[in-house]
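Enquirer: Let the hints inform the model, and build the full structure from the sequences given.
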Amino acid sequence: MTSQTVRATTAAESRYRINTPNSKGRSTLVLGLEASSADLMCEMAGLEWNGARFRTVVPAAGARKPAKGLSVDADDLVLQAPDGELSRLSDELASTDVVVMFARSGEVAQAASVVGDAAFGRHLMTAGFVLDEQDDRQALEVTLAAVRPFVISLVVGSDADAFSETLYAIRA
Amino acid sequence: MLRKEVNELLTQTGPDAAMGKMFRQYWIPALLAEELPEEDCPPVRVKLLSERLIAFRDSDGKYGLMDEFCAHRGVSLWFGRNEEGGLRCPYHGWKYDTTGQCIDVPSEPADSGFCEKIKLQAYPLVKIGDILWTYMGPKDNQPPYPEFEFATVPSNQTFTSKRFQECNWMQAMEGGIDSSHVSFLHSGSLNTDPLFKGARGNQYNLSDKMPFFEVVKHDGGLYVGARRNAEDGNYYWRITPWVMPCFTMVPPRGDHPLHGHFWIPIDDETCWAWSFDYHPTRALSDVEMEALEAGHGVHCEYVPGTYIPKANKTNDYLMDRQAQREGRYYSGVKSIAIQDSSLQESMGPIVDRTKENLVSTDNGVIMARQMLKKAVTALRDKGVTPPGVDPAHHRTRSVSVVLPPEQAFEDVCAEDLKAATGKPHTSV
Numbered sequence: 001m002t003s004q005t006v007r008a009t010t011a012a013e014s015r016y017r018i019n020t021p022n023s024k025g026r027s028t029l030v031l032g033l034e035a036s037s038a039d040l041m042c043e044m045a046g047l048e049w050n051g052a053r054f055r056t057v058v059p060a061a062g063a064r065k066p067a068k069g070l071s072v073d074a075d076d077l078v079l080q081a082p083d084g085e086l087s088r089l090s091d092e093l094a095s096t097d098v099v100v101m102f103a104r105s106g107e108v109a110q111a112a113s114v115v116g117d118a119a120f121g122r123h124l125m126t127a128g129f130v131l132d133e134q135d136d137r138q139a140l141e142v143t144l145a146a147v148r149p150f151v152i153s154l155v156v157g158s159d160a161d162a163f164s165e166t167l168y169a170i171r172a
Numbered sequence: 173m174l175r176k177e178v179n180e181l182l183t184q185t186g187p188d189a190a191m192g193k194m195f196r197q198y199w200i201p202a203l204l205a206e207e208l209p210e211e212d213c214p215p216v217r218v219k220l221l222s223e224r225l226i227a228f229r230d231s232d233g234k235y236g237l238m239d240e241f242c243a244h245r246g247v248s249l250w251f252g253r254n255e256e257g258g259l260r261c262p263y264h265g266w267k268y269d270t271t272g273q274c275i276d277v278p279s280e281p282a283d284s285g286f287c288e289k290i291k292l293q294a295y296p297l298v299k300i301g302d303i304l305w306t307y308m309g310p311k312d313n314q315p316p317y318p319e320f321e322f323a324t325v326p327s328n329q330t331f332t333s334k335r336f337q338e339c340n341w342m343q344a345m346e347g348g349i350d351s352s353h354v355s356f357l358h359s360g361s362l363n364t365d366p367l368f369k370g371a372r373g374n375q376y377n378l379s380d381k382m383p384f385f386e387v388v389k390h391d392g393g394l395y396v397g398a399r400r401n402a403e404d405g406n407y408y409w410r411i412t413p414w415v416m417p418c419f420t421m422v423p424p425r426g427d428h429p430l431h432g433h434f435w436i437p438i439d440d441e442t443c444w445a446w447s448f449d450y451h452p453t454r455a456l457s458d459v460e461m462e463a464l465e466a467g468h469g470v471h472c473e474y475v476p477g478t479y480i481p482k483a484n485k486t487n488d489y490l491m492d493r494q495a496q497r498e499g500r501y502y503s504g505v506k507s508i509a510i511q512d513s514s515l516q517e518s519m520g521p522i523v524d525r526t527k528e529n530l531v532s533t534d535n536g537v538i539m540a541r542q543m544l545k546k547a548v549t550a551l552r553d554k555g556v557t558p559p560g561v562d563p564a565h566h567r568t569r570s571v572s573v574v575l576p577p578e579q580a581f582e583d584v585c586a587e588d589l590k591a592a593t594g595k596p597h598t599s600v
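Line by line, the protein sequences give chains A and B.
To convert, note that position 46 of the first sequence is 46 in my numbering; the numbers rise steadily by one, no gaps.
To convert, note that position 40 of the second sequence is 212 in my numbering; the numbers rise steadily by one, no gaps.
Read the hints as simulated data drawn from the structure, not as lab findings.
Even for Gly, the Cβ is constructed at its ideal location relative to N, Cα and C.
Possibly wrong hints are sitting among the right ones.
Chain B regions said to be covered by chain A (calculated; three or more residues, Cβ under 8 Å) [said to hold, decoys possible]: (1) 291-301; (2) 342-355; (3) 382-390; (4) 481-490; (5) 576-586.
Expert: This is how it looks when you write it as structure tokens:
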């Protein structure tokens, strides 16, 4: 008599996998940690996603005059969308399941600690992607050290395609 | 998740498939040396990368690997007579040497030159360590021999096995990159398996079930670092090297031997799971050898006379629900090797990756897929040799280490991650 496992694992049986979606969409917030990421965030936002939102951290020192009613506490950040609209990190996290932080090698990425603490406090999943296009180990280390404590998974990639493919893989 | 066409690109390894051509750039394990133990021993059927082949060892001890079927009328040379420097088909006596060259066609006049026109497809077969390796690519592109440390240490320091696995190579290989499953699937074995237990690092695995991951590239593939909390705010790192396309090493525990795997496609729906244990600086002890031969650690028990695991799908992997309830075996399946293979086979012959819901801790797997895709298309479109062919990429080891939080393993452990003769491995 054939075991149930033998019957269940044939190629023919694999055709009977249920075709209806097996997950509800997760809400992904993709954050460029420094202003230099804004162009890439804009470019990424133009691709097709499952609702991923792309924002860039607005540096505190160079922030434009906040939009009416927009003020942030010390443990919050101002974010900018590709269309220029400003928002608060705390507001964005309220409707987020996964935070993906992005930085380029050599960036100080100070915002990682604020984002990480806010995300961990809300029990959100965090991931980091550092784009290393230079061949400068010391510069990379600066950024990794800044991001590492605040992400559950940290990836060093050598091109922007790897970043977009990573986002696709996690259904962002 | 992967798009359907990318899944097909990465999983299909036949002679005309792009990934098949990429596998053919490398030396790959073909047989255990024990399968051809002496001159003129019986030939062995071998199927690799969807090609059916016959392996034999001639009267001078030379190894041969060639098309399984006689050029005359397609009889399997498994029935062949291995004698006097060649393999003779018993149907009409056609004989072949280890290069696949026909050297005798008894029905033709000796000086007719007919047999010189007959040559079977054949591949080199060389013994390095306990393995007979083959290269199935273009002859003029043959790379240097592999230099994985487990295969180059003295024979009393190493042990190799293989087992038949009924699923595509890639879903099996991804289990080697993904270390997050250890804290669950293998948790029952960490304190009981003689080749795992007793290491200080085990306590970190068991007490911290949410590792943080860091994935960095190296010339031959990836290092996947998994960190867990240790004492005094430090991190316990377990670092897995992946060398393309299909070699991984498990981070070590204490002074137990290092171990790792290859997953070599037989065809698109089955593979050989090769497993090795070795110690870089001493002979394996009698206790260790006894455990390895008994199927402990990453090895397994077999159906007698075969390389088929004793616990397999025909007997539902000897599932023990009582042991599952009691936590002795997390999935209810006994051996570490079969704990992996049972779940990987359950995904189906070729898992449908369009249905996945990956999380950030799958980033090692995600990056490996990206690197494979990049390499296979670079080879296909531009003839670029893929990473992992160069023997320099083979001289790597896995590492386990405790580090302060501000230190990057890639820098601090750069030398520990390199294999070197006589150098102790780095382990907790």
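Enquirer: Hint by hint, note whether the structure agrees.
Expert: Structure-based check of all given hints:
Counting residues of the stretch 291-301 of chain B whose CB falls under 8 Å from any CB of chain A gives 0; the rule of at least 3 is not met. With a threshold of 8 Å between beta carbons, the proposed coverage of the stretch 342-355 of chain B by chain A is violated, since 0 of its residues qualify and at least three are required. A stretch counts as covered by a chain when three or more of its residues have a beta carbon under 8 Å from one of that chain; for the stretch 382-390 of chain B and chain A the count is 7, and the coverage holds. Residues of the stretch 481-490 of chain B with a Cβ under 8 Å from some Cβ of chain A number 5, which satisfies the need for three, so the listed coverage holds.
Requiring three or more residues with a Cβ within less than 8 Å of a Cβ of chain A, the coverage given for the stretch 576-586 of chain B holds, as 4 such residues are present.
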